[in-house]
Structures are given as C-alpha cells and as structure tokens.
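Visitor: So the protein sequences, as listed, match chains H and F.
Under numbering that gives the first Met the number 0, residues 0 to 567 are what the first sequence spells out, in order.
Under numbering that gives the first Met the number 0, residues 0 to 567 are what the second sequence spells out, in order.
In case anyone wonders, no lab produced these hints; they're calculated from the structure.
The C-beta atom is built at its ideal place from N, Cα and C for all residues, glycine as well.
There may be inaccurate statements among the hints.
Under the rule of at most 27 Å between Cα atoms (straight-line distance), these lysine-lysine pairs were calculated in the DSS-like manner [what the hints assert, rightly or not]: (1) F/K540 with F/K234; (2) H/K234 with F/K540; (3) F/K486 with F/K438; (4) F/K234 with H/K133; (5) F/K133 with H/K191; (6) F/K220 with H/K234; (7) H/K234 with H/K547; (8) F/K486 with H/K220; (9) F/K133 with H/K192; (10) F/K342 with H/K342; (11) F/K486 with H/K342; (12) H/K547 with F/K438.
Here are some chain F residues the structure puts well away from chain H; computed CB gaps all over 10 Å [claimed, not checked]: (13) S105; (14) S132; (15) D201; (16) K220; (17) V304; (18) S348; (19) T416; (20) I493; (21) G504; (22) I556; (23) R566.
There are 2 protein chains.
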Amino acid sequence: MQATTRCTSYLPQLPSGIHELLSRSTRASTRSSHRPRWPPLTAHFSHAGLCAGGVQQQRSITIKQLDHGRVDRERVVILGSGWAGYTVARQLDSRKYQAVVVSPRSYFAFTPLLASTSVGTLEFRTALEPVRSKRSKVNYFQGWADGVDFKNKTVTIEEAVDDPTQGLSPTLDRHAGKTGSQREREKATEAKKGRLFDLAYDKLVITVGCYSQTFGIPGVKENALFLKDVGDARKIRNRILACFEAAALPTTSDEMRRTLLNFAIVGGGPTGIEFSAELYDIIKEDLARIYPELIPFHQITVYDVADKVLPMFDANLADYAMDAFRRGGISIKTKHHVNELRKGPPAGSASKVDDQNACFTLNIKEQGEVGVGMVVWSTGLMMNPFVAKALRDIPELPEAGVKFLESGSAQDKSGPTGWVVQKDAKTGSVITDDRLRVKLEAEGVGEDKPQAILEDVFALGDCAILEGTSYPATAQVASQKAEWLAKRLNRDDIEQSGFTWKNLGVMAYIGNWNALFQGSGGGNISGRAAWILWRGAYLTKSVSIRNKILIPMYWFINWLFGRDISRF
Amino acid sequence: MQATTRCTSYLPQLPSGIHELLSRSTRASTRSSHRPRWPPLTAHFSHAGLCAGGVQQQRSITIKQLDHGRVDRERVVILGSGWAGYTVARQLDSRKYQAVVVSPRSYFAFTPLLASTSVGTLEFRTALEPVRSKRSKVNYFQGWADGVDFKNKTVTIEEAVDDPTQGLSPTLDRHAGKTGSQREREKATEAKKGRLFDLAYDKLVITVGCYSQTFGIPGVKENALFLKDVGDARKIRNRILACFEAAALPTTSDEMRRTLLNFAIVGGGPTGIEFSAELYDIIKEDLARIYPELIPFHQITVYDVADKVLPMFDANLADYAMDAFRRGGISIKTKHHVNELRKGPPAGSASKVDDQNACFTLNIKEQGEVGVGMVVWSTGLMMNPFVAKALRDIPELPEAGVKFLESGSAQDKSGPTGWVVQKDAKTGSVITDDRLRVKLEAEGVGEDKPQAILEDVFALGDCAILEGTSYPATAQVASQKAEWLAKRLNRDDIEQSGFTWKNLGVMAYIGNWNALFQGSGGGNISGRAAWILWRGAYLTKSVSIRNKILIPMYWFINWLFGRDISRF
Chain H
0 MQATTRCTSY
10 LPQLPSGIHE
20 LLSRSTRAST
30 RSSHRPRWPP
40 LTAHFSHAGL
50 CAGGVQQQRS
60 ITIKQLDHGR
70 VDRERVVILG
80 SGWAGYTVAR
90 QLDSRKYQAV
100 VVSPRSYFAF
110 TPLLASTSVG
120 TLEFRTALEP
130 VRSKRSKVNY
140 FQGWADGVDF
150 KNKTVTIEEA
160 VDDPTQGLSP
170 TLDRHAGKTG
180 SQREREKATE
190 AKKGRLFDLA
200 YDKLVITVGC
210 YSQTFGIPGV
220 KENALFLKDV
230 GDARKIRNRI
240 LACFEAAALP
250 TTSDEMRRTL
260 LNFAIVGGGP
270 TGIEFSAELY
280 DIIKEDLARI
290 YPELIPFHQI
300 TVYDVADKVL
310 PMFDANLADY
320 AMDAFRRGGI
330 SIKTKHHVNE
340 LRKGPPAGSA
350 SKVDDQNACF
360 TLNIKEQGEV
370 GVGMVVWSTG
380 LMMNPFVAKA
390 LRDIPELPEA
400 GVKFLESGSA
410 QDKSGPTGWV
420 VQKDAKTGSV
430 ITDDRLRVKL
440 EAEGVGEDKP
450 QAILEDVFAL
460 GDCAILEGTS
470 YPATAQVASQ
480 KAEWLAKRLN
490 RDDIEQSGFT
500 WKNLGVMAYI
510 GNWNALFQGS
520 GGGNISGRAA
530 WILWRGAYLT
540 KSVSIRNKIL
550 IPMYWFINWL
560 FGRDISRF
Chain F
0 MQATTRCTSY
10 LPQLPSGIHE
20 LLSRSTRAST
30 RSSHRPRWPP
40 LTAHFSHAGL
50 CAGGVQQQRS
60 ITIKQLDHGR
70 VDRERVVILG
80 SGWAGYTVAR
90 QLDSRKYQAV
100 VVSPRSYFAF
110 TPLLASTSVG
120 TLEFRTALEP
130 VRSKRSKVNY
140 FQGWADGVDF
150 KNKTVTIEEA
160 VDDPTQGLSP
170 TLDRHAGKTG
180 SQREREKATE
190 AKKGRLFDLA
200 YDKLVITVGC
210 YSQTFGIPGV
220 KENALFLKDV
230 GDARKIRNRI
240 LACFEAAALP
250 TTSDEMRRTL
260 LNFAIVGGGP
270 TGIEFSAELY
280 DIIKEDLARI
290 YPELIPFHQI
300 TVYDVADKVL
310 PMFDANLADY
320 AMDAFRRGGI
330 SIKTKHHVNE
340 LRKGPPAGSA
350 SKVDDQNACF
360 TLNIKEQGEV
370 GVGMVVWSTG
380 LMMNPFVAKA
390 LRDIPELPEA
400 GVKFLESGSA
410 QDKSGPTGWV
420 VQKDAKTGSV
430 ITDDRLRVKL
440 EAEGVGEDKP
450 QAILEDVFAL
460 GDCAILEGTS
470 YPATAQVASQ
480 KAEWLAKRLN
490 RDDIEQSGFT
500 WKNLGVMAYI
510 GNWNALFQGS
520 GGGNISGRAA
530 WILWRGAYLT
540 KSVSIRNKIL
550 IPMYWFINWL
560 FGRDISRF
C-alpha cells in the first residue's frame, strides 16, 4: 500500500449491480440453477484499503491504527468543524499531513443558508456537509475537546456520539456549575468508561468557534430559539408552523392568535435581518394562501439595542432595507432592550390558556410585556468555554516548537515561572501572530512581559483574533484564514509572509427577492441584482456538487409548488 | 363568491416579484425616488377568497366559519390521514362535500417508501404529503378523535398541535391507565381550556388505522424502534449512524463493537424484509467505504415466530429472497420468540460500559441474551383505542340514516334497549357491510340479534373489515376502498353495487437492486425486472408532482454521491 499515492479519481464506483443488470436474466424459474450473486459484505471489502486512494481512505478506529496509518506524515488535529476547521481539514494535503477532526458535530453547517432552511425554502441537508464521507481523507472523532497538554502535545477528548444536544448551537458550558474537583472526579470516571481519551498531535489547529451570548437575561437560554446550526433551524421551522396550526384551531381566541403569530427576532445584524426576510417570504408566499384568515393576526418584529440595524452596511443601504421592511409590515424597534423571556401569556391577558407551553412573553424595557409565539435570538457571541478554561495556563512549554520573542526587559528564557495564553481583553479570544500561531506571555505583573509563540498551535475563526487587527468574527474571515493556513502548511512556507484579510464585501437578503450587496470598494447594489448575486455567490461557495445540484432544485421546486409545511 | 365554481387551474401564481424583475432598475442611488414595492401582507390578501377556486380554498378557522363556508354542501368528517383517510379526502368532489380531516398528524405518510427514508436512500419529505396545502380544498384540524355522538352527529376532538409524539407511530393508548372518571374530569378541564371541542358532521368516515402491537413483551414499547411513520424513520436513521459512529471511537472494545453493530429486525413480513434490505444496501454501498474496519463486526438478523418469512409470497419467491439474504450475510431466524428487550449490554458481558443507553439486550427464548445496537419492530397490529373505546355502545340512534335489517326473530325497532357497533371477534376491527357502512347489532344475548346499518358512518382501512371477507390490512386494500367510497359519494350511487377488492399482487424489495413481484394471476417476477417494476410503481403512485420529481432526483444523487450520514 503506497502511502504517497494520492487519490485523484473522483468518479464514484459503480455499484456491483450494474454489471449484473447487463448480464443476468431476470425471470426466476421454479428450480433455477441461476442463483443471485449476493456479495457478503466481509468478503467484498477485505481489501477496501486497496481501492483507489490507497491507505488514505481508511478510517482508523483505534489510536494504534491511526498511528499506523500515519506512516511518516505529521498529524494535524483540528478542533471544530465550522468554517475554519472544516476548510483547513479539506484543504490539507493528505500526502503530507494526517488530518484528524475532533468535533461534537459530524458535519459542517453552511451558515448563510440556515435562514432559508429554517422556513423550508431549502432542506436541512442542503446546508450541511459531512466531515466523514466516502471521498474525504479526513479522520474524525465525535467528541468535545476537553483539555490540551502542550508539553506532551496531546488533546483530551470527551466522546459525544449520543449527545442529545447535537445539531443545536451551544449556549452554555456543558459543565457549568461543577466545581473543579467535581469535574476531576467525573473525568476519572469517564476515562474508566472509555468516554475520555487522549490524542497526540504534531500540529494543533484550534477552531472551536464561539457560543451564543444571552447576556445573562433570564429565560433566553431556555425559551429562545437560536440560528447557528441545523438543529436550531429545524426547531424554528417546526415552531413557526406549530404557531399557525394552533392559531387555526377553532377554540383559539383572537387574542391568543395575535400572540401566537407575533414573531420576535432579537438582533438586527445580517442573521436576524435575513431570518426576518425569509419568515416574511414563507408567510407571504405560502402561509397566506393556506391560512388566509390568520394573516391579519400576524406580526414580525425585529428588536435591537443599537440605534440602527445592519450597522456594517452604509447608511443608504441600511435605510433601503428598513424601508422595505416597513412597507412589508415588519416592525423594527431599535434601542429596545430585552429584560426577560418567559413561558406563558402576558400578565393580565384574557387568554383562557394556562398551558405554559403555548406561548411566551417578552419583557421589553421600553415596551412592557409582549406576548409572542416565538423568539429567535440572533445576537451576541460568547467565548467558548474551552478557550476560557483549557487555553489558559501553560505550566511547562514543549521542548521544541516554541519561538521566544524579544521583550523590553532582559530576555530570560528560564526566568518566567509559567506562561499563559494571550487573550483579547474585551472578547476573550485567543491572540495569534500574523501566522495564526498562538501567542503566549509570561505570567506575572508588568508591561513588558516576555512573549512567545507556539509554532505548532494555530487558532482561527471566531475564537481567535490576529493581534493588532479588528477583523470581524465572520465566515469570510474564518475561511480566508483557513485557506491561507492550509496553503502555508502544504507548501511549508509559513515564514514567508503573514495573513491579511481581503474584504470581499457584505451581503444580506432582505426578503421578497431583494438583497443588499456592499463591496469593499464602495460599490453598492441593492434590489434584484443583489439578490441574483446573493444566490449565485452561495451556490458557487456551497461545498459539494451534490448540494450544488440540490439547492437550485429546491429553489425551483419550492417556488413552483410551495414550501412543505409538515412537522415531524 | 360562487360556491359552485370549481377551481380548475393548477398553475402556480407567479410571485409578484417576477413582474418587477422585468421592469425595475436595479441600482439604488443615494436619494432614489424609486421605492421598493413591498406589499404588506394584510392588503395583499384581503381578497384571498376571490382567487381562482373561490371560497373553497379558504381554511375556516372557527366552527362558525366552517359552517359558513359549508354553503349547501354536506360535511364529511374524516378521522385519520393515512392511506384510506387521505385518499377519500383528496378525491371527494368539493362542489358537493365539505371535507374536514381530523388527525394528530398533518400529513399523509407514503409507507412503502419509509424503509428507504430510514436509511437515507430518500429524504423524509419525499415520503409524505401534507393534508393542508395551497392546492387542496380540504379543511383540517390537528387533533385526536376522542368520541362520537351518533345521535347528534358530532365528533369530539382533542387538539394535538404540540403533541410531542407527532411523527411517531402510536403504540399505546395515550390515556392508558386512567380510570373512566379520571378521564371525564380531565376532559372537563380540557374543554374549559379550549383543548377539546365538538365538530358536527353529515357523514363520518372512520379511518383511524391501527397501532403497533408489541404483544405485552416487556421493554419493546420503550426500547424498540418502529417503522410506520416519518418520525420513526428519522429515529432509525439517526440510530444506525450513531451505532457506527460510537463503534468508531478508539475506546470502544471489539465486543461492544459487535453489540452496537448487531441490528435486529423483528417481523419477517414485507416491512421487516424491506427494511433489512435497505439496511444491507446502506452498509454495503456507503458505510463499508466510510468505516471499512467496522464491517467485520456487523450483523443483520431477522427474527420471526412463524416458520417462514414473507408468507404472502409463493414458496419459490420467498426462498429466492431468503437465499439472497443468506448470501448477503443476513441471518434469518424463524420460529424464534422475543421474551424481553432491555437497555444495557447482556449479563456477563465484559464490556466496561455501564451506560444504560449505549446498547440493548434482546432476550430470545431459543437463543438467550443477545446484545444489539438497535431493534426495529415491524410486526403486529393492535386495534386503535378509539375504535375499542369510542365505537362501542350507542345509547340512542340518530333519527335518520339508519337502515334496519331483517333478522331471524320478529323485527322490533323499538325493542332493543341499545345498540353496539359490530366488531370482529379476533381483531376488534369495525365490521362494515359491502358499502363500507358501519354495522350495528342490538345489545343482549342471542344468535339472531337485530342488525342495523348506519348509512352515514363509514369505516375503512386497517381499523375496519368488510363482513364475510378476509382482505388483508394493507395499503392496497385501504386505498381501493377509499377510491371506491369517494366515487360512490361523488356520484351518489352507493346503493348500486358493493365494494370488491381487486388483488393487484404483492411486491417486496430484497436489497442489492433486486425485488420480488407476485401477481394475483400467478405471474411471478424476481430480480432486476421486479426491482424496476417496484421503483416504477411507487413513482407513479407517489402522490404529488413535487415528489415525482424529488424521488428519482434523490435516487440518482444518492447513487452518484452516496447517502448522507449526518445526524441532527
């Protein structure tokens, strides 16, 4: 088995059945000497490793086999399967590197299309790409990264195959509320049960992303819906349709109808605006024809604490969007603050319903209590607990792969008692140099602390920030960094030049087949042309050919026949 | 608004945007006098009722509006949205009848394709059709039928919009364990809360179907997976993939791998066999390439208490199938009985895993304890609790619509103290005459009890049986009955002749692109030709054009790129 043979053929293997189709007779006689050729699976795949692509296509299932399959390649462990992690994994040269992805989620979510899937304009699987597939050469373990031993270069992984929250974007530390010693005891038990294990790395790529920030507002984590993952989109889709179906019951009062069909979106950035736009579309194009009497009862409202929505867009584009929304009956309430979100109807409501799950109440500081059917929370990023807890103190540095930087005070390699990972004071993101390598500084007080760089540990995506820059935490930045890093590793030329972000502009869909596009050079487009650009851009970027076929197919079918409204 | 105008146009309305696309400029200037035409939804649909099709397309949301929309049509209330109920609803002439479907499930599940969706050969929505859609003229309430007042001709409905079990086939009476008086008090509360309401009917069509029968075997209801609805298929799909992903973890022992990848199917009828075949396909075509080292650990086993599987097929066809399965490594264990199904590994297992949810143990009478990753239960029908409880005694008959039959003893209309719905002694199905009308008999002891027919109450599908026949409880019988009934009602000629079933044969997919077909005349086909027939038949029968496009699209895409294995 040649480890260096690269699999270049991307044609699917024809199922063995095709050959049979051409050669066998198809009518079974009572006593046929002709027996079906039915390959038992064990014999059929005893030499799976020798198929096109050789050893790279095998999935190692023990660390030993992973080690064996490594041959003389470096192992790059990638934590996370989002824009940054998935892009790095796919683009690393498998002849040079053995890529191993560790993530609680076995797929990459194509976030720009999530809003479309959350109302049924597209199906959920068209907005995701599996990490593990027949074609990819990437190894994968389903689990959470629990800690890193920088000296011995290992990552501790907590398996997560049956995690009930998979598919939902995380909002709270899954070990929140446990003391340090509680967690240590738990880890010892998990290790005995085989649910915790260590994985050695040569290079580590930290792309764990961020959690959704709820600002400690009571009830939001429990009662709001988020929109960062496919499971979130599915919950939203079911909720919208359930609200209409409940409002359609003959025993629902008009007041409860208004409550159920009051949809609130908190956060006026592109995610919130795009979701509101998609919601407007499904109501206008489908639900208004299926439930025409309910339409007068509905309302869509976008809340934001800032002065205006879509702050990254120029004023004229943002105004265009707000104008369009107002004409569509979508209410935009800027400078509004959420105090609380709880189950049940507002106090003083005449509703007979004391069923706590029927609806929710938003408590807005400027407005008081508002009964709603659904709240989509699309604002705020919270630093990942892994970054906050596991990437902190580094008692001992690895023997190789550390680059010490000149510091103001006398350079003293052995002086500092310990090192800490540098974090951004405001966001808590990991600070990296312009080669995306994690920066350390010596513990202790003082301005000119000695600094160092871990040459084998990289951090990118939402959880990291390049020192001296203020690149936004967006998919565009994450995927550019990831492509740059993969290229540098493949060519072994990371010392040559650092990463710089090329601003390709921002886009947002605003409903009714209209969009906004703002190029970095100042070129602005709005309306139908921007919409065509928006759909085209996402189509070319969508990762697999499979989805490049399915996405326009669904756009067409849903336009022709309407969106499906079944819940299951 | 003409109530008698029938909507004949099936072309979709072009979104208003198309006209805009042709006429508007697309570049926004800083101060544009050109403003986006954004129709507020309320104004846009104020005359929704006047679109093509007139009043029939409105969905009435109060009983009053339903009554108002009735005009001079008879109201046909259909309980259930399966093969029988959905077919009747769609085929009733909306000029003569106002069809109202009451079902806990807002869609019709195309059951022959469920096995394909349960492994990802097709997507779930390709195997369902919504009851409520832009095109259908059918009214719908999401709820359970709770009781019938035959005298006053009303049905009591318990709303079920947020029922957490929706999408899953029912296995137990949702009010099991409650005494009669407990249930009465509960109903009084529900009625106050608006969750229980009455619906009047002119004709009633009872098509509530059956539940899955678990024969009281401990643990089956809680731990087995079923395959009668789309939610079931989704759970199965996620479970298969989770078993492989868990087996792929480096800390899983070989013994646990064998347990996790041991898939048991209980029931050797077409459903069980087809599911086993689909499972074989996904393992051979996709999972064997993604997890090649795991394949030696897997096993598929079909258990049945009978002597042989596929009893409705001729011996040579059944043998062909069993032969094919054996060659594929699928084990068929006839004359085996399940004693119990519980969580956790078998007793005496060396597995470190004490996690009760990791795997299951099947206790087979002839074999002892067997560790399994998943059990699919595809055998046995249990009579629907609605039929068992609500269709029983009839204290008072309606004043019209009852046909008394001659009986052996002197005919005495006022004599019998009460009437009961006739039920089949063995299955508990409702007995109907050959016009599918529910049969009653007088209470009391004796052979020649007076009999009567409720002329306005029909029962068909799995929950009913035509007297003197032994038609199987299949989709074919249910849909033929439903089409016959709808035709008779539309033409008002039900007295002319009774229903007879035309046996169109049986088909079953047996994996690896092979199938069986047995025509009623004795024409048997097996192998590839039967497979083509099998796929063709389901394609032509699949109800909507939307799915006629999507289903072959998915067959093609999954053949070319492999099935998706993501879970969310």
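Visitor: Go through the numbered hints given earlier and state which of them the structure violates, listing their numbers in rising order.
Guide: Checked against the structure, the hints that fail are numbers 2, 5, 8, 9, 10, 11, 12, 13, 14, 22, 23, while the rest are satisfied.
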